[in-house]
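In order, the protein sequence lines correspond to chains G and Y. The opening position of the first sequence corresponds to residue 2 in the numbering used here, with each subsequent residue numbered one higher. The opening position of the second sequence corresponds to residue 2 in the numbering used here, with each subsequent residue numbered one higher.
The reader is advised that the hints may include incorrect statements.
Here's a subset of chain Y near chain G, in silico, CB distances under 7 Å, partners left out [said to hold, decoys possible]:
no.	residue
1	Ser318
2	Ala320
3	Leu327
4	Glu328
Since the hints were made in silico from the structure, they are not lab data. Predicted model, so just to flag it, every value in this text is computed and none were measured. Idealized CB from N, CA, C, for every residue including glycine.
There are 2 protein chains.
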Amino acid sequence: MTTDKKIRPIHEYVEGILGGNRILLSRAITMIESKKPEHQSLAQEIIEKCLPHTGHSIRIGITGSPGVGKSTFIEAFGTYLIREQKRKTAVLAIDPTSQKSHGSILGDKTRMDKLSINENAFIRPSPAGESLGGVATKTRETMLLCEAAGFNTILIETVGVGQSEIAVHSMVDFFLLLLLPGAGDELQGIKRGIVEMADLIAINKTDGDQIDLAKSARKDYSMALHLFPEKESGWTPKAVTCSSQEKEGMADIWQLLLDFQQLTLANDWFENNRKQQLKNWFYDLIDLGLKHWFYRDVEIKQELRTIEKKVVAGKISAAKAVSQLLEKLI
Amino acid sequence: MTTDKKIRPIHEYVEGILGGNRILLSRAITMIESKKPEHQSLAQEIIEKCLPHTGHSIRIGITGSPGVGKSTFIEAFGTYLIREQKRKTAVLAIDPTSQKSHGSILGDKTRMDKLSINENAFIRPSPAGESLGGVATKTRETMLLCEAAGFNTILIETVGVGQSEIAVHSMVDFFLLLLLPGAGDELQGIKRGIVEMADLIAINKTDGDQIDLAKSARKDYSMALHLFPEKESGWTPKAVTCSSQEKEGMADIWQLLLDFQQLTLANDWFENNRKQQLKNWFYDLIDLGLKHWFYRDVEIKQELRTIEKKVVAGKISAAKAVSQLLEKLI
């Protein structure tokens with residue numbers, strides 16, 4: 002059994018992933034998430050080899066406040082995609098809060114019990130113990146490997162608080178915001194900027210005695226969405242109702258996704274947006290790389306503490322301290 | 002006349018600033034804002050020499066949506082501070098939007114006509130043509146020189162949109178949020194995070210037929226402020242009404258500032274917060290410095306374009322491209 006766990010040659014991972022081998026896919030993702038330099042460089046080689054086989058998917062970001070039913074929605078929507086649309090669906094997450102609580106979203110796979118055992122689904126929780134920048138990079142790389150493994154629908158879940166939606170938005174084609182019936186209360190928890198990012202608002206839990214409330218919320222959001230400036234994609238954001246419990250509304254949502262894709266493929270936004278995202282990611286990685294390099298330098302670490310004390314004590318200006326540090330290094 | 006404009010020896014600037022010479026203070030700030038390396042290094046020397054004379058002030062951040070009457074408030078509050086409290090007051094601004102519109106806040110000094118001609122006031126608009134990080138650094142350095150010149154009250158204005166409040170919050174002791182009467186409408190334009198940062202909410206334009214509305218808004222905000230988690234400073238945020246037009250409420254606001262200062266000096270938060278801010282600033286400057294150095298390298302600039310194209314074309318992974326770039330440089 003232990004031989005299975007050891008590191009294999011790169012080509013075995015690559016061939017495995019391209020052949021749709023989920024175990025090797027998982028192991029490669031573990032390399033991506035690993036802090037060990039040898040795992041890191043192996044992961045980079047695997048990604049490099051898989052690169053020509055990536056991109057053939059629709060990438061969907063899904064957000065919403067805690068309690069809106071994201072997991073139940075993804076279970077229902079993912080199952081619909083696999084059964085009715087024959088789509089291979091990967092579910093990833095960006096959740097920087099998991100580093101604190103260790104309660105990563107998607108971490109509790111039992112919340113998606115049907116989806117997690119489906120052979121056409123692949124569920125991977127948010128990597129733990131990372132900054133948002135780190136989590137986003139790892140999720141993006143994981144997405145590429147999933148695409149290479151033949152997953153043509155990528156769902157990236159995030160929590161509806163903080164900066165993580167911006168990270169998800171920067172790596173998906175389409176951004177879906179889940180809300181609850183009861184528009185007014187809901188808007189307080191969701192930042193205006195997130196509503197502006199949405200391509201589709203789905204009022205979840207449209208079932209039981211909430212149907213009327215949900216329908217009226219849908220109308221309100223439809224109106225509100227028209228007040229935002231037109232999107233570069235040329236797409237007019239929509240609002241729909243759905244019930245993850247009753248598995249209703251899934252076909253409508255999928256149809257809207259197809260409409261969106263058709264429109265944005267035709268007007269070249271789909272391709273241009275991905276290129277722009279790739280470019281931004283490249284520059285984000287440069288920033289991360291520079292910091293990583295700077296703070297790894299052992300001499301700098303020692304110097305940093307001494308000089309930080311001087312700065313805080315007001316004995317040297319922050320700017321001068323930084324010039325001195327950088328001069329020494331460069 | 003032209004000899005006045007030429008660069009003087011460092012000690013002349015320093016002595017001038019410490020002696021309260023506003024012309025030399027202005028010129029030194031112009032050096033801070035200059036892009037020329039010789040001005041930059043001169044500015045750093047001046048700051049360094051002034052450093053022992055900084056910090057003896059209360060630093061107050063002031064924010065609010067456009068239209069809330071920030072300039073009129075600062076005119077009224079600044080005049081009150083100078084006349085009634087004999088405080089020397091400097092008014093600075095952080096407005097990264099000014100780089101686009103060239104219509105910097107505070108740029109139009111006529112909006113503060115009484116204050117701008119008062120010899121105990123010093124007004125300096127937001128530096129233009131900079132990123133938020135750059136603007137924030139320059140404003141912070143300007144604040145230090147103002148303190149060295151004897152200004153013991155620093156008001157830093159910002160617009161109530163985007164990330165600039167976080168920048169202001171990171172360099173002040175006390176954060177004042179101006180709102181208009183009519184609580185519900187107002188909250189939509191102001192992000193929840195900004196309300197959470199506030200030490201004081203002042204309902205401006207409490208005059209004419211808006212007095213009742215303002216009083217009821219004050220009550221609502223007082224209640225809302227109690228719902229937020231307790232602040233590290235130990236201070237309970239307050240809500241008051243004021244009228245910049247009628248110059249009412251200024252003494253109350255000043256009294257609350259004194260209460261705040263007394264409390265936080267006693268529990269050491271005042272000093273500890275400044276130390277923490279200085280530390281954070283130091284690390285922000287390291288980030289800025291690393292980027293600056295990286296993108297200034299001419300070889301890198303050429304290489305960057307070539308490699309960016311490869312990344313966007315999917316010929317090389319972003320991570321591998323970045324490692325190659327950094328390896329070459331380091």
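Consistency of the hints with the structure:
{"no.": "1", "hint": "Ser318", "verdict": "holds, 5 Å"}
{"no.": "2", "hint": "Ala320", "verdict": "holds, 5 Å"}
{"no.": "3", "hint": "Leu327", "verdict": "holds, 5 Å"}
{"no.": "4", "hint": "Glu328", "verdict": "violated, 10 Å"}
Hint 4 from the list above is the single one not met by this structure.
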